[in-house]
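Q: Quick note, the sequences are listed as chains F, W, X and R, same order.
Under the numbering used here, the first residue of the first sequence carries the number 52, and numbering increases by one thereafter.
Under the numbering used here, the first residue of the second sequence carries the number 43, and numbering increases by one thereafter.
Under the numbering used here, the first residue of the third sequence carries the number 225, and numbering increases by one thereafter.
Under the numbering used here, the first residue of the fourth sequence carries the number 59, and numbering increases by one thereafter.
To be clear, the hints were calculated from the coordinates, so they are not data collected in a lab.
Treat the hints loosely; a few may be bogus.
[Said to hold, decoys possible] Here are a few chain R residues that face chain F, going by a calculated C-beta distance under 10 Å:
id, residue
1, L101
2, G244
3, P246
4, S575
5, E771
6, P784
7, L785
8, P790
9, L834
[Claimed, not checked] Partner residues aside, some chain F positions facing chain W, computed with beta carbon under 7 Å:
id, residue
10, G101
11, D108
12, M112
13, A162
14, C256
15, S261
16, G266
17, G273
18, G275
19, A382
20, T389
[As the list claims (entries may be wrong)] Calculated lysine-lysine pairs in the BS3-like style (CA-CA distance at most 30 Å, straight line):
id, chain 1, residue 1, chain 2, residue 2
21, F, K376, W, K107
22, F, K373, W, K107
23, R, K580, X, K289
24, R, K669, R, K580
25, R, K607, R, K656
26, R, K669, R, K656
27, F, K272, W, K107
Treat the numbers as computed from the prediction; the structure is a model and nothing was measured.
We treat Cβ as the ideally placed atom computed from N, Cα and C, and that holds for glycine.
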Amino acid sequence: MPHANALYGPLDPAPDAGYEDAPPRMGFFTDTSVCIGCKACEVACKEWNGVPQSGLDMLGMSYDNTGALTANSWRHVAFIEQPRPVGWATPAFEGNPDGPAVSPATAAVGARTSADTGTEPGLPPGSPVAAARMSAGPDFLGMPGTQPPGRGSGAQGRTDFRWLMASDVCKHCTHAACLDVCPTGSLFRTEFGTVVVQEDICNGCGYCVSACPYGVIDQRKGDGRAWKCTLCYDRLGAGMTPACAQACPTESIQYGPVRELRERAAARVEVLHERGVPEARLYGHDPDDGVGGDGAFFLLLDEPEVYGLPPDPVVTTRDLPKMWKHAGLAALAITAATVFGFLGGRP
Amino acid sequence: MTDSPSNEPVGARFRDFQAQLDQPDGRRHRKRGRGRGDGGEQLTVPPADFTSYYGRPILKAPVWKHDIAGYLFTGGLAAGGAMIGAGAQLTGRPRLRQVGRWTALGGIAASAYLLVHDLGRPDRFHHMLRVVKLTSPMSMGTWILTAFGPAAGVAAIAEIAPRLPEHGVFGLARRLAPTVGDVAGLAAAATAPALATYTGVLLADTAVPAWHDAYPFLPFVFGGSGLAAAAGVGLIAAPAADTAPLRRLTVAAATIKFVGGHRMGRSSLTGEPYRRGRSGRLVRAGNVLLGVGTVGALLSRRSRVLAVLSGAALVASSVATRFGIFDAGTVSARDPKYTVVPQRERRDSRQGRSPAEKGT
Amino acid sequence: MGVRSWIEGWPVYRQLTGTDPLGRGAAAKSAGSRALSARTETADSVARSVCPYCAVGCGQRVYVKDGQVSQIEGDPDSPISRGRLCPKGSASKSLVTSPLRQTTVRYRRPYGTEWEDLDLDTALNMIADRVLAARDETWEDVDDEGRPLNRTLGIASLGGATLDNEENYLIKKLFTAMGALQIENQARI
Amino acid sequence: MIVIQGSNMAEAHPVGFQWVMEAKRRGAKVFHVDPRFTRTSALADAYLPIRAGTDIALLGGVIRYILNNDLDFREYVVAYTNAATIVTEEYADTEDLHGLFSGFNNDNASYDQASWRYEGHPQDATTRDTETQRETAAGLEHESHGAPVGGETERDETLQHPRCVYQILKRHYARYTPEMVERVCGIPQEKFLELAQAWAANSGRERTSMLVYSVGWTQHSVGVQYIRAGAIIQLLLGNVGRPGGGVMALRGHASIQGSTDIPTLFNLLPGYLPMPHHADHPSFDEWVDSIRHPGQKGFWGNARTYGVNLLKAYWGDAATADNDYCYGYMPRMTGDHGTYQQVLNMIDGKIKGYFLLGQNPAVGSAHGRAQRLGMANLDWLVVRDLFMIESATFWQNGPEVATGEIVPQECRTEVFFLPAASHVEKEGTFTQTQRLLQWREKAVDAPGDARSELWFFYHLGRVIRERLASSTRVRDRALLDLNWNYPTHGPHAEPSAESVLREINGYDVATGRPLSSFTEMKDDGSTVGGCWIYTGVYADGVNQAARRKPGAEQSLVAPEWGWAWPANRRILYNRASADPDGNPWSERKRYVWWDADKQEWTGYDVPDFEKNKPPSYRPARDASGVAGIAGDDPFILQGDGKGWLYAPTGVLDGPLPSHYEPVESPVRNPLYQQQANPTRKVYTHPINTLNPSPPEPYSEVFPYVFTVSRLTEHHTAGGMSRTVSPLAELQPEMFVEVSPELAVERGLTHLGWAHLVTARAAIEAKVLVTDRLTPLRVDDRIIHQVWLPYHFGFEGLVTGDSANDLFGISLDPNVLIQESKVGTCDIRSGRRPRGPQLLDLVVDYRRRSGDLNPHYPPQVTTDGPDQEV
């Protein structure tokens, strides 16, 4: 019988998906505080998985010319320039004859670009204002001069600066909406607890694309199928590390049993807090969150949406029983309406 | 050579930037609660000061083409047709039965075409039959269609039996057809309510904010709309003598849609696309057409022309409603506001923080 | 028999009879997924190599299948790189298998406007002719004071720093013996 | 602590950077000094923005800070450096001569180094005059050892003697105050002090600090002195020869270290033996003596042996003691034959043929236009590469075709493009940045006509020797007698790389036994060895470079992975990790020490010292060579066994690093009247015009400082990255990074176009406006800097204008490396003109900056009014 938490709440997904004696759940912990933005993960992934090119356009989003996770980019390194202090370093431009920070304004320009990623929906343009706010950080009020001296985009000149980099990837949710809504069983849960598209099955119905609360999965043009990170299912089967984690020079991407990674992540947050980085926080690690915790979770230095992550995602199928209930009532209603239509006029 | 950056250019730069912030897409300075669709009531939409990575969408917008919006219409129409066909069959209105059954077959054939056409890999449409997934409205829909389609098809084809030759194999078919058609017609009608309403779940069971948050309403809107559209086809195609049930049906269907869906998109931020922009206009057009069509239908007892016009309005209402809702979903997925703002509110209220404190 | 295995292969049957009634995992696994294996496992051979880009000297393992490079990735045994690679190193397979690679000799004759094809052996002989001719034409035996020079300044060479030590050794040896002095390398730049 | 300066380690050496992150995780502080905030800065604990080309001023400030606050590691400094050594009273400092040292000769703009010598040493310390040393880049010979100098020195270990090196240093750097650092570099004083304090605090007995640099230091007209300045700090703080210390040169290419060890350089032979010079080395003995400098201490005393072994490796049986081992066959240098001289000679029609072997000077070398025009004026050009690079297609697609300077129908250069084998299609060794040789196994056959360089040169040699087989000309003897017998294999007759490696390693002629160490080499012709510093790589007939014992199964030093020269030593001068008595300076920093019981040096690494020479050993007064090294002299390849704070000879632009402005600078040197390096190599060729700099007029026409470097996503001239799809898409367009302040000043918009103009060229790029660049306050002026990647060219999947086109050619005098990390330019909004109008724009700028004649800033500028200091 399905688990009581089959749709929502803490769950070990592999046994729920019918694997007896499943190996421990495997996943990623991406520690963005040590990411150097080298994009080795993006390339290593493409090399191993034969992922096609995703466009040759310069996006003006700092050093990010990939733009987003798409069917043709299964790892995506985000770059965010902010006139904010970074906890571990002294102010970068203190004492220099600077004017106000420009990063919000340039981010606004970067929001308008787009690229042909060869996928659908790929990388549509964004909102310049939201981009500006991302770059200035959550303190941003959109009003130059209203901020404390030396902070944000205050006209007094910039002293602090930080450059956030983060490698995003499919979250391999405990409750994976993409998987649950897939009508062909192409998306399935592996014995490692990961979520994989089976390319011999997918018929490109596109349902998973709308279902994903993180905007990860995407459809490849021409090919028609949906593609995303497989957490290198083939490599896992051979006892190997996924290509991105193996390549990552600074261990920003760590691979291992999710349980162990969660402990490691908690310890790392503590260290960063001790070292004066209070904004360090984990994202997607909590089995009690809206998706039952992510198999790939993150240590972030700013709000999730700054990195393009939803602040509080909930798996849509949490509400599925209620949806069916409403559909049932509606079905009854139209049946009644039909009966009324044909019998209502009879004396 | 170069001096300290003077204040003027910096000021100019920031004036430009400020001007950019005030562009429509910011909406921060807009007066809220405008527009006809809002009915003038004071909305509780929070200010949309949110962040996202270069303002890009957080969600992937639906990749479904308008095929699917069309299917939402044709599927509902087919379901309504089958139900009208069965009602006519049981109440002895053969011509209305015929119209109902043909509507069902036409609707379901178009649906099948649209669904397969929308696939990235149409040659793999049969992979839909690999699994039965209770968690996937599309899988459930597939099985509903699998039950409904053949039944509706048989029922409709049975209607051509009188034109078959009287002897031989065809003769046998001609004799068996009415019975088979009746059984099939009832079978189609039995699955039709599910077909008419599951599409509401199909859209709602996504991360698309406007769709998901409308899950209590969508099945009613879709069910009512489908039934009204089928009634509209009946008003157009069925003889005047048979349209009395259709008028009652229209009123009932419109009631379901308006009552079941009246709160859809009303007060929430994620309902905004149902009120604003092109999608909002379509949704409103659907409502207006439904109202007009229903009133027209009620008054059309003696006017064939008015019956036809009313029927057309009902059909058009259904088309507009489906496309409007479909587009509203796409709009809500494309704008990160609809993703970030409600989620932050949810998170902050859970953590006992007021929105003003967020970001600390 | 055929029908039976067909039915048993139908995931719905597995859903009904197995441990995965919701069809989320075990029941939905496809034939392709069951047959999946890492291509490093099925490689014919593995060569231990070194990344050709920067000078860190990261270890690479080069996997070969049917005479083609099928994968290049970091060598975890390397105490220098511990199996890691940067984006360039990670792209090594694309580098060596790039469709843009030139694999035939190309020749542009003087005042020509297009490339032409040329046989490798012919090219080698033509180059030898030109080397000898340039050397003869520009040979310097002695300087003004009669001190030996033994050289030609008519030939120059500039090498990249992705050349092997062995290659550099032969280049320097041959050019020195022919009196060609102007042998340079990226190391100057 | 780790100081990264002149290097963008996280971007250019990401996998090496893992060790920086490892150190950071354990609490190390990382400082990054760079003209712009990079991915390295993002991870650093402190970032110091600096004006490009002023690093010596900053480092000099640190030296002054250490000396004035007595923060040096005194025991180490007294025992292991030449701080106590007394210098002759003829020496005069920059303090006395407005930025010049004593001995400057105006006629040839070079120094007579005699007045820099140690007290008591003879006048003729150097055999070659300084100008010749510059022309032949003699500084490169010192990669493996110091310049020759007598072993015995006069010392004052109290460091009080006014002419001891310590006091000279103190005086020389007296003016490098925090205020001056701020004035020159644009680094606020507080920032400077943060660096200086941390550096000193994290050095000494218990702690060590590491200094990391790359071509951000070498590609300057004062490049060698940058590194000398860094080395002085590390010596003063006791950070050399010790774990966690050192000066890390991060080299940029897979085997660029190997390319200097076994050079394809005009002035060097394998193992840093100099190429013979026609005047200085007419005979074998004179050549040998010029290297070993009779009387000096250290291993370089055996130069004759190394020379004989090389000549025997070249000419085999033909090389005998009677014919000076065929020394007479060697071609002779007469001056500068370097790559930039070659290019100018090509333009002048003096060179017939050119080989490009995996190198793309049309994009990768300074002054791209000169490179392309030079190649367009050859008889023939051979390009061997993986891809159709810009240097092969300049006649067809180059920018000069658009301007009309090259017309394909009129360009006579005959071009042979020969496809090359990739790194997986051949076997051989790369020498990586820490002198480690690693053998690559061959994975697959090369496709089509693609061949290794080994194949090409072996068979080219074979064909040429066959052609000359019947020749009786004397000049052909060197080719005919050449030892050119290498076994071949396979369908293409590929020569055996291992057999070449064996020859490089050396072997006993009679028995064929491979040598285990260069100490086994003989100078009587009985042994052969192609590169003495590599001897041991084939010890016991085993390819030591192919060793791959997993790192996890070894100590941190991992001695059984590959093979490092010399003698598989991983840290050079590691004798300095122990105190003069041979004990570790501290338990934390234990590395190599004297085991008194076994009477030998031991430790984690191969000791860089004679194994059984006790710390107490003192040489006889007249001892020379290896025997002259005392038991507490760790710097065994230096003539006096000491680390050189002060270079009494060998460094052509002065015994101590001094800040000179880059050749193109918008700023008058605030430190000295002497503006730029007075001894820099200048090419007065019409194509090589330079932007004016103060004190000359019109420097304001080129008001901005530009610098170029790498992106993680691309490699050098782009031949191995712009052609590779997963890399090309990551950085798909040429761009220029500017600060918001400069963007306002010049009307540049983010993602819009801009073009940059110098006296050589104008190029265009997309604009990236970013907070990562900052204006600097320099000498009460605001200086703006811009940055460009130099990876782009006109071929490949992604294309763009080449940043190197902007540079002129000015070289460091010691090694003849070009100043391509800093120049001046103007930047304008919009795209550059097309076609001939492009030339008009450049001409217009040249007119505005003086006149249209070729322009070269003056070498010496000390005759102006005194600078306020």
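Q: Please go over all the hints and tell whether each is borne out by the structure.
A: Verification of the supplied hints:
Interface restraint check for R/L101: the shortest CB-CB distance to chain F comes to about 6 Å, inside 10 Å, so the restraint holds. Hint status for R/G244: holds, given a least beta-carbon distance of 7 Å to chain F, under 10 Å. A cut of 10 Å between beta carbons decides the hint on R/P246: the least distance to chain F is about 3 Å, and the hint holds. Hint on R/S575 is violated. Least Cβ distance to chain F is approximately 36 Å, over the 10 Å limit.
Annotation: R/E771 was flagged as interfacial toward chain F, and the flag holds, the nearest CB pair being 6 Å apart, inside 10 Å. With a least beta-carbon distance of about 5 Å to chain F, the hint placing R/P784 at the interface is held under the 10 Å criterion. For R/L785, the suggested interface contact is upheld, since its CB lies about 7 Å from the closest CB of chain F, less than 10 Å. With its C-beta approaching chain F no nearer than about 4 Å, R/P790 sits inside the 10 Å limit, and its interface hint holds.
Here the hint on R/L834 is kept, as its CB sits about 6 Å from the closest CB of chain F, short of 10 Å. Against a cut-off of 7 Å between C-beta atoms, the interface hint on F/G101 is violated, since the closest Cβ of chain W lies about 18 Å away. Checking F/D108 against chain W by beta carbon gives a least distance of about 14 Å; that is not within 7 Å, so the hint is violated. Using the Cβ-Cβ criterion of 7 Å, the hint placing F/M112 at the interface with chain W is satisfied: the shortest such distance is roughly 5 Å.
With its C-beta approaching chain W no nearer than about 4 Å, F/A162 sits inside the 7 Å limit, and its interface hint holds. Interface hint at F/C256: satisfied, since its Cβ lies 6 Å from the closest Cβ of chain W, which is below the 7 Å cut-off. Interface restraint check for F/S261: the shortest CB-CB distance to chain W comes to about 4 Å, inside 7 Å, so the restraint holds. Below 7 Å, beta-carbon pairs count as interface contacts, and F/G266 has one with chain W at about 4 Å; its hint therefore holds.
Among the interface hints, the one on F/G273 is violated; its C-beta lies about 9 Å from the nearest C-beta in chain W, farther than the 7 Å criterion. Because the smallest distance between the Cβ of F/G275 and any Cβ of chain W comes to about 3 Å, under 7 Å, the interface hint for this residue holds. The beta carbon of F/A382 is positioned within 7 Å of a beta carbon in chain W (closest approach about 3 Å), and the interface hint is therefore held. Because the closest C-beta pair between F/T389 and chain W is about 5 Å apart, less than 7 Å, the hint holds.
The suggested pairing of F/K376 with W/K107 holds, with an alpha-carbon distance near 28 Å, which does not exceed 30 Å. At most 30 Å may separate the alpha-carbon atoms for a hinted pair to count; F/K373 and W/K107 meet this at roughly 27 Å. With a CA separation close to 48 Å, the supplied pair R/K580 and X/K289 exceeds the 30 Å bound. Distance restraint check for R/K669 and R/K580: the Cα-Cα separation of roughly 20 Å lies within the 30 Å cut-off, and the hinted pair is therefore satisfied.
A distance of roughly 28 Å separates the Cα atoms of R/K607 and R/K656; the hinted pair therefore holds under the 30 Å criterion. Proposed proximity of R/K669 and R/K656 is supported: the alpha carbons are some 11 Å apart, at most 30 Å. Between F/K272 and W/K107, the direct Cα distance comes to roughly 13 Å. Compliance with the 30 Å bound is thereby established for this hinted pair.
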